[in-house]
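Spelled out from the first residue to the last, the chains are:
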Amino acid sequence: MELPLLHLALVGTPNSGKTSLFNALTGSRQKVANYPGVTVERKEGFFVTPLGRQVSVVDLPGTYSLRGRSPDEEITRDFVLGKASGETAPDLVLCVADSTNLRLTIRLLLELKRTGRPMVLVLNMFDIATRRGITVDAERLAKELGVPVVTSIAVRKGGTADLLTLTDEISAKLAAEPQENNWHALSVAELRATQREADRIISDCVSLPASPDTWTARIDAVVLHPVGGLIVLAAILFVMFQAVFAWAQPLMELLNSGFDALGEFVHATLPAGLLQSFLQNGVISGVGSVIVFLPQIIIIFLFILLLEDFGYMARAAFLMDRIMGGAGLHGRAFIPLLSSFACAIPGIMATRVIDNKRDRLTTILIAPLMTCSARIPVYTLIISAFIPARDVWGFINLQGLVMFGLYAAGIASALAVSFLIKFFMLRDYAPAPFMLELPDYKMPQLKSIAIGVYTRAKMFLHRAGTTIFSMMVLIWFLASFPQPPAGATEPAIDFSLAAIIGKALAPLLAPVGFNWQIAVALIPGMAAREVAVAALGTVYAIEGGKEAAEQIGQVLATKWSLATALSMLAWYIFAPQCASTLAVIRRETGSWTWMAVTFAYMLVLAYAASLVTYNVAVALGAG
Amino acid sequence: MTDTNDTRSQMPLGLAQRGYTGIIQHLSAGGAGSALSDIELESRLIELGFVEGARVEVLHEGLVGRDPIAVRVDNITIAVRRREAMAIIVA
Numbered sequence: 079m080e081l082p083l084l085h086l087a088l089v090g091t092p093n094s095g096k097t098s099l100f101n102a103l104t105g106s107r108q109k110v111a112n113y114p115g116v117t118v119e120r121k122e123g124f125f126v127t128p129l130g131r132q133v134s135v136v137d138l139p140g141t142y143s144l145r146g147r148s149p150d151e152e153i154t155r156d157f158v159l160g161k162a163s164g165e166t167a168p169d170l171v172l173c174v175a176d177s178t179n180l181r182l183t184i185r186l187l188l189e190l191k192r193t194g195r196p197m198v199l200v201l202n203m204f205d206i207a208t209r210r211g212i213t214v215d216a217e218r219l220a221k222e223l224g225v226p227v228v229t230s231i232a233v234r235k236g237g238t239a240d241l242l243t244l245t246d247e248i249s250a251k252l253a254a255e256p257q258e259n260n261w262h263a264l265s266v267a268e269l270r271a272t273q274r275e276a277d278r279i280i281s282d283c284v285s286l287p288a289s290p291d292t293w294t295a296r297i298d299a300v301v302l303h304p305v306g307g308l309i310v311l312a313a314i315l316f317v318m319f320q321a322v323f324a325w326a327q328p329l330m331e332l333l334n335s336g337f338d339a340l341g342e343f344v345h346a347t348l349p350a351g352l353l354q355s356f357l358q359n360g361v362i363s364g365v366g367s368v369i370v371f372l373p374q375i376i377i378i379f380l381f382i383l384l385l386e387d388f389g390y391m392a393r394a395a396f397l398m399d400r401i402m403g404g405a406g407l408h409g410r411a412f413i414p415l416l417s418s419f420a421c422a423i424p425g426i427m428a429t430r431v432i433d434n435k436r437d438r439l440t441t442i443l444i445a446p447l448m449t450c451s452a453r454i455p456v457y458t459l460i461i462s463a464f465i466p467a468r469d470v471w472g473f474i475n476l477q478g479l480v481m482f483g484l485y486a487a488g489i490a491s492a493l494a495v496s497f498l499i500k501f502f503m504l505r506d507y508a509p510a511p512f513m514l515e516l517p518d519y520k521m522p523q524l525k526s527i528a529i530g531v532y533t534r535a536k537m538f539l540h541r542a543g544t545t546i547f548s549m550m551v552l553i554w555f556l557a558s559f560p561q562p563p564a565g566a567t568e569p570a571i572d573f574s575l576a577a578i579i580g581k582a583l584a585p586l587l588a589p590v591g592f593n594w595q596i597a598v599a600l601i602p603g604m605a606a607r608e609v610a611v612a613a614l615g616t617v618y619a620i621e622g623g624k625e626a627a628e629q630i631g632q633v634l635a636t637k638w639s640l641a642t643a644l645s646m647l648a649w650y651i652f653a654p655q656c657a658s659t660l661a662v663i664r665r666e667t668g669s670w671t672w673m674a675v676t677f678a679y680m681l682v683l684a685y686a687a688s689l690v691t692y693n694v695a696v697a698l699g700a701g
Numbered sequence: 645m646t647d648t649n650d651t652r653s654q655m656p657l658g659l660a661q662r663g664y665t666g667i668i669q670h671l672s673a674g675g676a677g678s679a680l681s682d683i684e685l686e687s688r689l690i691e692l693g694f695v696e697g698a699r700v701e702v703l704h705e706g707l708v709g710r711d712p713i714a715v716r717v718d719n720i721t722i723a724v725r726r727r728e729a730m731a732i733i734v735a
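If you're matching them up, the sequences are chains A and B in order.
Taken in order, the first sequence gives residues 79 to 701; the numbers are from our numbering.
Taken in order, the second sequence gives residues 645 to 735; the numbers are from our numbering.
It should be emphasised that the hints constitute simulated quantities derived from the structure, not laboratory data.
Given the structure is predicted, the values throughout are model-derived calculations rather than measurements.
Heads up, a few of these hints could be off.
To be verified - Some, not all, of what chain B presents toward chain A, calculated at C-beta under 10 Å:
| hint | residue |
| --- | --- |
| 1 | S678 |
| 2 | A679 |
| 3 | D682 |
| 4 | E684 |
| 5 | S687 |
| 6 | L689 |
| 7 | G697 |
| 8 | H704 |
| 9 | E705 |
| 10 | L707 |
| 11 | G709 |
| 12 | R710 |
| 13 | A714 |
| 14 | V724 |
| 15 | A735 |
Said to hold, decoys possible - Sample of chain A residues with no beta-carbon within 12 Å of chain B, all distances over it, derived:
| hint | residue |
| --- | --- |
| 16 | T141 |
| 17 | H262 |
| 18 | S355 |
| 19 | L357 |
| 20 | F396 |
| 21 | I401 |
| 22 | R430 |
| 23 | L476 |
| 24 | L514 |
| 25 | L575 |
| 26 | K637 |
| 27 | T667 |
We put the CB at the ideal spot given by N, CA and C, even for glycine.
Excised from the complex, chain B in its bound form (with noise of 0.2 Å):
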């Protein structure tokens, strides 16, 4: 799903710092370097609510290296870690 209604260049989740708020543009498991194979993890991330056109928002931070992330998936909120979410892109 392309979407056209944000100027802002795309990126992964996993960089986004606290307080970011965006728009889900596609899934990439690819990149992302997680020990799930792609399919199993672009699996869990569409179980969880993060599907094309969610807005997210990045809640909070963990003190190790800001890891794990805490986002708010449209009204849930997910807790996952950077390696992970860098399969997530968003704009």
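Chain A with its partners taken away, still in its complex shape (with noise of 0.2 Å):
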């Protein structure tokens, strides 16, 4: 007999393990999307339990209430309710608490239980618990809370095989219990009976070891010193960009390699003509040279998931609060504006952590200036055709330094362009309030990670595979189209739509150092930033032939001047042109002038930056 669906939803607090919970049910079926109207992220996975019944799981955001002071909570509330539209009520919640740290969870629990809907209480971390000396009384804890409630060790195997059979047993028989509702948001005084209520049960169901966790005081003396707090803070990003440069190199020049006979084999297999040109040089030398970024998107995401999962992005917050407070910032921009360092688009949607309007619009503002991974190509291959790969004092590389300088000052810029916001346009402003948990420290989990890294790897691919792909066949047929009049003696790129365009904008960007070429590969950098150097490469491969494709690196360094080539880099610091980032903003805010105010403010800047490092470095001598 083929039973429907069975439809659960996980809810928690924030760092209740919810997420690695979920992994560890669902592994990598996993679907990533958007729920209706609103950018809140929707994860949703399935299983099977162990008698075969299909599940479909839900992780909603973390709440430590129904409220709904987020967009993100007003999700869990309204889906927990079965109000949220399009979605089907979940047949059992899980409420999912950190073992070490039920009070929060167990106030939440009792404010969910009001909804009537069948519910489970997953006390999650288990192990850690009993490591650290808490023991629970999960047969008490069950009858006082009036639900079942089942361990688990998310990150173990087999560890959630309790939550499994339960599951089962709890299916069997859940269309005979009637619902009903009887939600209400809570009144200060309900909610601190409720904590009330959550304190006395925890008392008889749970004894607490003497000491509290010692690792996290130890480590919180050094991370959270003052001063040293900062120095280690500073070290951690430092070392991040070392890692995005040196560590990701042999991968990227394997891939490359990879891609160059690829291209050869094309080049040899195929006659000559419009076919073998598309394949080499639209299709394998641009997409592969938008590919070949893959190792170093997968070190700054892996670096970002193991700081979260190890919880040291609170601290992060901590730190950067009152810091970043002098900008006009809020302490909770910090991550947001860390993700934007991965991608703009994540971390401007990761602004909704972010309660407090004012706050969140200044950061969406800003965000787009921290240096997101699609500058990365263009970065490596300006600064590895320019920069000589040699040591300064010894032991830092000057590639990589001149890559931290580039980081610093999209940083230094978003500080600069926060602080003249908070001075100029928001000037009745009363600054909202910081309050956020800092986690105990977790051994990061690393098979939760590895998913984590998996899924942004995978939505990286499917950007090459469309968004990138198709603006290359584009910029392509407009790099090939006209074809040159029999018996011309000029390259063929010189009487195509993309010289007649690109010298059509030239003049505008002749002030600041930018040829034609610049200004053809600008154009479809519009879809993605990274697009501009695969651009270059079909500009370049196609005026100069096959040997150019193999280094555009190379050819760049012959066809442009020092000046040129620091403006280029002055320019990707605020790069205005990624449409996604725009559009993000723009559902965002929902408003088309904040969309404008960010594309024009940038724009601004950029080609400020541009003129000034053009003509200091023509002044010095680098023209």
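Since each chain sits alone in its own frame, please combine them into the complex, following the hints.
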């Protein structure tokens, strides 16, 4: 007999280990999308119970209550109440608790119980609790709470077996239970009463060890030290950027030679002509030059996910709160801004953790100034072509240092812009509160991290396969048509549509040292910043023939002056031309105006920065 | 809730130094000067475990203006700015 799909929902406070439980249950069988009309990430996964029941499980955004203070928390509330548009009400709610820290979850569970949904309390990270000497009387807890209680160790193989069995047992008798929703937004008095009730239950069922987690206290003594903590933070960021530049190199070279070999193969196999040129110069060298950056994207996400899983991200927010506050930013903006180093799109979406509208708007406006991974291809290409790979002071790689400088310039300009926004636009501004749980440190879980990195890498490759691919075809077309007249001696690209557009824009960009080839490359860079590299490759490959395609960098080094290269780097600190970022800003702010403001201010800054860089460099003899 | 087990005078947690330990006496959102409404501030503090009778300890302070502070509330740690911590009356 085929039973209908069973719908589960995971609810819990932030840091309850909800996501690692979700990963443990579903593995890589996950679908990530958005809830209709809002940009809250909707994560759904699938698994099969021991008795063969097909189950869908949704990982709802973390929340401390059902009051719905932010779009994320509203989704969680509406989903549990069965009011979310286009969603089935969950058959069973799994309330996930960190076993070492039950207070806040038990209160949330008491509130959730009022919705009348069938519910299970999952005591997650039970192994850590046991190791710390915390004992939980699960049977008594179940009796007091009136819901089944199950322990789980999301990170261990088989650690969710009890939960799976229980799911089968409950799903067998689900239909018999009528549901009545008695939930309403709790008043302060009710909230207090609920917390008291939770504390009473906990004191009856849980015994805590005399001393708290000493490891967390020891680590915090260093990383939350007012001065030492900032040094640690700077060191972590520095290592992260050196890693992105240095560790990825061998893999990138491997990928690069792979694509070169593929291009050679196509060149050798197919007869010379349009098809050969399209496959080799348009498709393989175009898409290849973007995919080469996959190792760097994996490394940066690896760092971000590791730090998040370890529990360091909240500490970074704590350290940065007042420092960022001086520039008019909220401490919570640190996490979205740090994510923006990978890509501004998830970064801007992550600003939803900031519940104050003005703080959120400021963060959204400056998030694109954080050096996203899509700029890395451009930086890498230009740096390796123009900056010598030697060590300074014996151990620091000069190329890595320039990279670090570019990141620093992005951060500095973001702080400056934020300060100006605070000063000129949002003057009657009362600082929003900063309240954040600093979770105990946990060993990062490799499986969970691997799934996270895999999901992001897949998104990047998907983008390379669709948006970037179509832009590369367009660029190849623009660069190849119309074909040169017979007997023409100039390079073919001089006759193309790309040259016509590039040359029309060139006078506008001449003051900053850009030639028309750069102007051509900036146009498809609107689709995704990294496409500019591929576009330069295509433009120069077609102009220079096959040898040039093999080393875009070498070509640039001969065609550009150092001043032009530096000017290009300065332009890319701001790089206003990312269409997807602008689209997300429009969606998140719900306003075309803010999107236009972002584009305009970044364009002005990019032009100004390039203008100054170019002219200073020329004056210093680098023209 | 009144607490008679301590002879120390009451003070807002927002004024406490690093290393301070005490018991929450009551919440008084009115005087905190937070950007949040009194009800909202009080609700959020309760949701993070700042309820009467909870034991608090100031573990860490930020660099600028000794702000924000990391407070141990029973067995969890919460980062909060001093401005909001003014609503938490301890002794």
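Unsatisfied constraints (hint numbers, rising)
15, 16, 20, 21, 24
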